[in-house]
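Asks: One-letter residues, chain by chain:
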Amino acid sequence: MTEPVATSNGQRMNGAAGHPSLKAETRGLSFFYGEKAALREVNLPVHERRATALIGPSGCGKSTLLRCFNRMHDLYPDHRYAGEIRLYPDDINLLAPETDPIEARLRIGMVFQKPNPFPKSVFENIAYGLRLRGLRDKTEIAERVERALHDAALWDEVKDRLEDSAYALSGGQQQRLCIARALATEPELLLFDEPTSALDPLATASIEALIGRLKSQVTALIVTHNLQQATRVAEFAAFMYLGELLEFGPTEALFNAPSQKRTEDYLAGRFG
Amino acid sequence: MATSLPRRRRKMESAIEWLLAGAALAAILTTLGIAAVLVGESLPFFRSVSLWRFLTDTQWTPLFADPRFGIGVLLSGTATSSLVALAVAIPCGTALALFLSEFAVGPLRESVKPILELLAGVPTVVFGYFALDVVTPLLQKAWPALPGFNLLSAGLVMGVMIIPYVASLSEDALRAVPMSLREGAYALGATRLQAAWQVVFPAAFSGVAAAYVLGVSRAIGETMIVAIAAGQQPRLTLNPFEPAATVTTYIVQVAKGDVPHGSLGYRTIFAAALALFLLALTFNLAADWIRRRQRLRGRIS
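Same order as they appear, the protein sequences are chains A and B. For the first sequence, the working numbering gives the first residue as 1, with consecutive numbering after it. For the second sequence, the working numbering gives the first residue as 1, with consecutive numbering after it.
Chain A on its own, in the form it takes in the complex (with noise of 0.2 Å):
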């Protein structure tokens, strides 16, 4: 596997491979609502400062996969978790029973498939979670308002507007809020379900842009329908298919020589 190693700012190295360290894995990670399996013994690595790809068929578990990072199931009755989501470098059981979903989801961020910003300013909105954060500090909540609005590259668009509600945005610049609102808590992994599915083809392509240069400063682990966009944002890429993962890979060998029949029925574009 020819994998980009990482840069030389210090991280962790993770075998003579070259890949960069984890951020997080599951083992055997099985979920249950009732009675019903949605995800069999998922074993998936998230490298670190890197963005990872989910992609199968509707129904197969990718984003069911991915709420169970933050715990979102928890809010649902009649849901079951079994196995292990560890999160680096410190090591924790993301599920352990003594582990408080609330302490994961504080650092864990989370972007949704349909923007979904606050009835409040487009300042409050970004200033929420810091406030949930005890952040009380003005000119510090101000800062990190706008560094967060740079980052998502809405600064520009939205600098004189910071007090309108939020919803007087376009589609786009709502989903780029939901990203600085993410951003601007600094989460150690970022969870994306299918940012991009309710955008136009334009604001997709600048989320797209904007996930490539967010890998500098967080690990991202993506749910997408669209192929083409996993190949242009994720270094990784784990195929899903009726609640298990059946390849994982870098995109590109995932992409160009797939292992398993499934994988390459799908990327043919024969099922879906």
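Worth double-checking, as some hints may not be accurate.
Distance ranges between label pairs, derived from CB positions [unchecked claim]:
1. Ile16(B) - Pro201(A): 41 to 51 Å
2. Pro89(A) - Val105(B): 18 to 28 Å
3. Lys159(A) - Ser50(B): 55 to 65 Å
4. Glu110(B) - Ala257(A): 49 to 59 Å
5. Leu202(A) - Ile290(B): 31 to 41 Å
Residues from chain B that keep clear of chain A, each with C-beta distances beyond 10 Å, as calculated [as the list claims (entries may be wrong)]:
6. Ile16
7. Ala65
8. Phe103
9. Pro137
10. Pro144
11. Val160
12. Arg175
13. Arg235
14. Gln253
15. Lys256
16. Leu264
A few chain A residues that don't get close to chain B, going by computed Cβ distances all over 10 Å [claimed, not checked]:
17. Glu35
18. Glu48
19. Arg49
20. Tyr81
21. Glu84
22. Glu146
23. Glu186
24. Glu194
25. Ser197
26. Thr231
27. Phe248
Source of the hints: derived by calculation from the structure; they are not laboratory data. If you're wondering where the values come from, they're calculated on a predicted model, not measured in any experiment. Backbone N, C-alpha and C define an ideal beta-carbon position, used for all residues, glycine too.
Chain B: place on chain A using the hints.
Replies: Same frame as chain A, now just chain B:
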């Protein structure tokens, strides 16, 4: 045969349209009718008593030898009892709605709702005697000087009566907030309480405000509880520890009494009712204005 079905359907369709329009029209005509009667019967009243005196006089003694017609006296009773009631109903109703929509799960939720509906089904005359014979004696243990008839007791019980209305409508508004908004808050690390109070509640605010206005309308229109427990002597006061008549109490008193039809005393109830009607209308328009303003600012629901 091939064309008869669409034609029949079209006829049916237009019949239903007329039926629905008729129902809507009936509600509008009733309101207009009430307004017309109130205004029609009040006009002769205002020919004998100037609007200025009606609004500024500090006595309400329409049936005395020296009649005075200060509606402010009755409005003060209405305002005081309503404020006490809303001080109970709005916080409790809001808390209950938040609890039901954001915290309670399955069986608990399912058991609280019917109890609430039961509360809404209790006849107000029962609430009235409850206020007079249970709540007032209890309050007198804390404040021995409290008179047997007082606005406080009536207001508190009225507040309890209004809780289900406020809670039920607010809960509907809160539950109409899309789940994606809650998920957004939780994903940022919000607790249940933070998500409920800082994200869901503001998102539902226009609906919740409408629930509050309904509570206000119920409070100023409530008759039986205040008639039984608050005393019926008109008194200009904002002190809940005193007895006083409200606008509605006065109307009951006179309507059931032996005031000659068409006399000035008889017409006072229409003037008083008109005042009440305008007050309620003002609140409803205010609620509408709030809703519209929220929509302009791009909030949901």
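Asks: The structure should be examined with respect to each hint, and the outcome stated for every one.
Replies: Against the structure, the hints:
Distance hint check for Ile16(B) and Pro201(A): the Cβ-Cβ separation is about 44 Å, which falls inside the suggested range of 41 to 51 Å. For the pair Pro89(A) and Val105(B), the beta carbons lie near 36 Å from each other, so the given range of 18 to 28 Å is not met. With their beta carbons about 59 Å apart, Lys159(A) and Ser50(B) fall inside the hinted range of 55 to 65 Å. For Glu110(B) and Ala257(A), the Cβ-Cβ distance of about 55 Å falls inside the hinted range of 49 to 59 Å, so the restraint holds.
Remark: the range hint 31 to 41 Å for Leu202(A) to Ile290(B) is upheld by a beta-carbon distance near 37 Å. Residue-level check passed: Ile16(B) sits 36 Å from the nearest beta carbon of chain A, beyond 10 Å. For Ala65(B), the non-interface assignment is confirmed: its Cβ lies about 60 Å from the closest Cβ of chain A, beyond the 10 Å cut-off. Look at Phe103(B): its CB is around 12 Å from the nearest CB on chain A, clear of 10 Å, so calling it non-interface holds up.
Even its closest Cβ contact with chain A, about 45 Å, leaves Pro137(B) beyond 10 Å, as expected for a residue assigned away from the interface. With a least beta-carbon separation of about 48 Å from chain A, Pro144(B) lies farther than 10 Å from that chain, consistent with its non-interface assignment. A cut-off of 10 Å between C-beta atoms confirms that Val160(B) is not in contact with chain A; the least separation is 31 Å. Separation of Arg175(B) from chain A is adequate, the least Cβ-Cβ distance of about 14 Å exceeding the 10 Å criterion.
Look at Arg235(B): its CB is around 45 Å from the nearest CB on chain A, clear of 10 Å, so calling it non-interface holds up. With a least CB separation of 47 Å from chain A, Gln253(B) remains clear of the 10 Å interface cut-off, as annotated. The non-interface label for Lys256(B) is consistent with chain A: the shortest C-beta to C-beta separation is roughly 49 Å, beyond 10 Å. Remark: the non-interface label on Leu264(B) is consistent with the geometry, its nearest Cβ contact in chain A lying 53 Å away (cut-off 10 Å).
Distance to chain B confirms Glu35(A) as a non-interface residue, since its nearest Cβ pair spans about 18 Å, more than 10 Å. Non-interface status of Glu48(A) relative to chain B is upheld: no Cβ of that chain comes within 10 Å, the nearest being about 21 Å off. No beta-carbon of chain B is positioned within 10 Å of the beta-carbon of Arg49(A); the least distance is around 21 Å. With a closest Cβ-Cβ approach of about 17 Å to chain B, Tyr81(A) is found to remain outside the 10 Å limit, as its non-interface label requires.
Interface exclusion of Glu84(A) from chain B stands, the closest Cβ pair being 21 Å apart, more than 10 Å. Distance check for Glu146(A) against chain B: the nearest CB is about 18 Å away, which clears 10 Å, and the non-interface claim stands. Taking the minimum C-beta to C-beta distance to chain B, about 12 Å, the non-interface status of Glu186(A) holds against the 10 Å cut. Distance check on Glu194(A): its Cβ is at least 13 Å (rounded) from any Cβ of chain B, clearing the 10 Å threshold; non-interface status holds.
With a least CB separation of 13 Å from chain B, Ser197(A) remains clear of the 10 Å interface cut-off, as annotated. The non-interface label for Thr231(A) is consistent with chain B: the shortest C-beta to C-beta separation is roughly 27 Å, beyond 10 Å. Distance check for Phe248(A) against chain B: the nearest CB is about 25 Å away, which clears 10 Å, and the non-interface claim stands.
Violation of the numbered hints given earlier is confined to hint 2; every other hint is satisfied by the structure.
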